[in-house]
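Asker: Chain residues, written in single-letter form:
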Amino acid sequence: MRLGSSLVIRLISALIAVTFLAAASLLAVIFFFSVQRPMNEMRAEIQAEAAQLQSIYLRQGKAGLEAALIARRRLPSANLPFDAFLERDGSLLTGNLPGWPRTRRGDWATIEADVYRDGQEDDREALSRDLLLPDGRRLIVGRDVDVIADRQELMAEAALWGSLSVLLFALLGGYWISKITAARLDAVSNTARAVMKGDLGVRVPVKGSANDFDQLGMSLNAMLDRNEELVASLARVSDNIAHELRTPLARLRAALDGSSSEVDIQLDQINAARVEAERLQQIFDALLRIARLDTGRHLINRDTIQLDALVNDAVDFYAPEAESRRQSLNATVVHCVISGDRNLIFQAVANLLDNALKFAPDGGEVRAYLDVDGAMVRLSICDNGPGVDEEFRHKLAERFFRAPGSEAVAGTGLGLSLANAIVEAHNGTLSFAGGPGAFAAVMRLPMG
Amino acid sequence: MKLLLIEDDATLADYVAKGLRECGHVVDVCRDGRDGLYATAEQAHDVIILDRMLPGVDGMTILQTIRATNNPVPILIMTALGDVDDRVEGLRKGGDDYLSKPFSLQELIARVEALGRRYGRGQSPDRIAVAGLEMDFLRHQVRAGGHEIRLTAREFQILEILMRNAGKVVTRSMLLEGVWDYRFDPQTNIVDQHVSRLRQKLGEDAAASAIETVRGLGYRVRT
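Residue numbers (my numbering), protein chains in the order written: chain A, 1 to 448; chain B, 1 to 223.
By construction, these hints were calculated from the structure, which means they are not laboratory data. Backbone N, C-alpha and C fix where the C-beta goes; we use that ideal spot for every residue, glycine too. Keep in mind that a hint or two might mislead.
[To be verified] Label pairs and their computed distance ranges (CB to CB):
(1) B/GLN157 with A/GLY435: 58 to 68 angstroms
(2) B/ASP35 with A/LEU288: 41 to 51 angstroms
(3) B/ARG92 with A/LEU185: 33 to 43 angstroms
[Unchecked claim] Quick look at which bits of chain A chain B covers, simulated, 3 or more residues with Cβ under 8 angstroms:
(4) 53-59
(5) 314-324
[Stated by the list, open to error] Pairs of lysine to any residue, SDA-like flavour, derived with a Cα cap of 25 angstroms:
(6) A/LYS358 with B/GLN141
(7) A/LYS358 with B/LYS18
(8) B/LYS101 with A/ARG246
(9) B/LYS18 with A/ASN271
(10) B/LYS18 with A/ALA277
(11) B/LYS101 with A/ARG253
(12) B/LYS101 with A/GLY413
(13) B/LYS101 with B/GLN141
(14) B/LYS93 with A/ASP285
(15) B/LYS93 with B/LEU175
(16) B/LYS168 with A/ARG253
(17) B/LYS101 with A/LYS358
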């Protein structure tokens, strides 16, 4: 990401706007307390004084007012008092204002009232009430507000310089933020490009500060880990597919080659070829179903399934198989209901039973326990076969994985993978526990 | 039987048609959906064998069109999409049976003939007696050589399907689908073991040998 990109420009503009608003509101508050409010207080005071002086004039006449004005000038005050008492023709009767507007321009006026003191000119500004008395004489009463007016000017100037410095800092801040953002985002996009090029081991650098960028980086890294894992398992699976499919194909060919040299085709050879073809088809079907389940392309029906009845059906289905090897096959169930695809769930249960029966010894035992565990139903299929070493258990659900020592047992190596894919597609889990003589495949599915 | 085969793959269509003709059936073959639809409207067939993916008009559309005209002709759908949800969709839209490619020709023939019998017969009989075996469906009774045999519900169902198709091959997958109400791949041939258990119960004599094994395919009750 570069500085010219629209995100950076928008970021900086937003920053400037926000900083300006903040500075302006601060200035407005200061203006109100240091200019607006004192000015209003002064205005109220002058208005009260003017009203008082007017009533003195009405009661005591010209002489009374003149006396009152002179007395007012002598009273000590932080704000110098100014006044001008004018005759009807505009001539001054008494007053200390150096000048005033010839004609009245309204009730209020701000009049320049420069004062000479020790030969020095002292700039003053008088906020004045301009009164027309009932008999036509005019009274201007004011007070010096130069301090406040000065403040106002000062603030205008401060606002100008403040704006410039705010602008400068906002630009600096914006640049800084965008530089940090750009650096972090660049790291992410560089990682993405490297992964795209095929280097699956690259990860987004994480600084460990647990901020949003680190969170993003960690999420992306988790995704990349999972991807790498999937790609690796895909590679393993394709190798296995090649191997598993080639073996039956080779046997199929051998059977057919053997028969083609003879005039009369041996029935055994045809049957052998048929068995291999069926095995191939079985592997294909299972692989396709696992792939469709894993990638979420298999739509899961949401039937209401009575799992206890389903487990009993599956046990019933496998009863002759168990009988033929004098194994005991039993189910202990409690009533429970799940939602899902009954054909798929039956397939998963069947595969687990099939697996257990294969590994239990002749005369051995396979038991299915169905119970409720919190919000999940738990189906444990236990057998007293040789079990699987802890180190291989997590690989049992991998496609084509055969635990060491199980090579002699018939199977495609896909039964547990398919069961696992089905269970996961139903938001459940499949795990394995126990050792030799007491091994269990445990399937958990959400209830209801 | 008079059959209609709608299949676009020439090799497969010839192979299937030849096999069906050898079994004494009359087979009309259509290579695309439009012709197929035409043929269904023009002539009456006992069973239609329909490929799911066809040029012109798609197999599912043909199926729905046929059913929209209240034509009850049994239809077997063939498809390369063999997964359970495709099956369910095909059956829900009015198909009577479903066979995924690749299949064995004998499996197809057995299924087509079973479909024809099921629909051609009309009313199914309450009692069947063949090869020393007697089944009474109303009383749920089985007699072999005059003796009553106690069967489990499953064994009864297996025997019923075999008896109702007496003289014809019933494949393992037909039994699996007919008796167990789940569509799944049993991995190992457990159906065989169910049948052998049934045979044991039927006894040592002629009744037991009434159920023949047809190698590589399934079973048949001798007539």
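Asker: Against this structure, judge whether each hint is valid.
Answerer: Status of each hint after checking the structure:
Checking the proposed 58 to 68 angstroms range against B/GLN157 and A/GLY435 shows it is violated: the Cβ atoms sit about 40 angstroms from each other. The beta-carbon spacing between B/ASP35 and A/LEU288, approximately 31 angstroms, falls outside the hinted interval of 41 to 51 angstroms. A beta carbon spacing of about 50 angstroms between B/ARG92 and A/LEU185 contradicts the range 33 to 43 angstroms that was offered as a hint. Judged by the Cβ-Cβ criterion of 8 angstroms, the region 53-59 of chain A is not covered by chain B as claimed, because only 0 of its residues qualify and three are needed.
Only when three residues or more bring their CB closer than 8 angstroms to a CB of chain B does the claim for the region 314-324 of chain A stand; here the count is 7, and the claim holds. Among the hinted pairs, A/LYS358 with B/GLN141 is inconsistent with the structure: their alpha-carbon atoms are about 35 angstroms apart, more than 25 angstroms. Proposed proximity of A/LYS358 and B/LYS18 is contradicted: the alpha carbons are some 42 angstroms apart, above 25 angstroms. In summary, the hint linking B/LYS101 to A/ARG246 is supported, as the alpha carbons are separated by about 20 angstroms, within the 25 angstroms threshold.
Pair hint B/LYS18 plus A/ASN271 holds up; C-alpha atoms about 22 angstroms apart against a cutoff of 25 angstroms. Between B/LYS18 and A/ALA277, the direct Cα distance comes to roughly 22 angstroms. Compliance with the 25 angstroms bound is thereby established for this hinted pair. Proximity of B/LYS101 to A/ARG253 is assessed by CA-CA distance (about 20 angstroms); at most 25 angstroms being required, the pair is judged to hold. For the hint linking B/LYS101 to A/GLY413, the alpha-carbon distance of about 23 angstroms falls within 25 angstroms, and the restraint holds.
As the CA atoms of B/LYS101 and B/GLN141 are separated by approximately 38 angstroms, the hinted pair breaks the 25 angstroms bound. For the given pair, B/LYS93 sits about 23 angstroms from A/ASP285 by alpha-carbon distance, which is consistent with the 25 angstroms threshold. For the hint pairing B/LYS93 with B/LEU175, the CA-to-CA distance comes to about 23 angstroms; that is within 25 angstroms, so the pair holds. Under the criterion of a C-alpha separation no larger than 25 angstroms, the hint pairing B/LYS168 with A/ARG253 is inconsistent with the structure, at around 31 angstroms.
Proposed proximity of B/LYS101 and A/LYS358 is contradicted: the alpha carbons are some 29 angstroms apart, above 25 angstroms.
In this structure, the hints that do not hold are numbers 1, 2, 3, 4, 6, 7, 13, 16, 17, in rising order.
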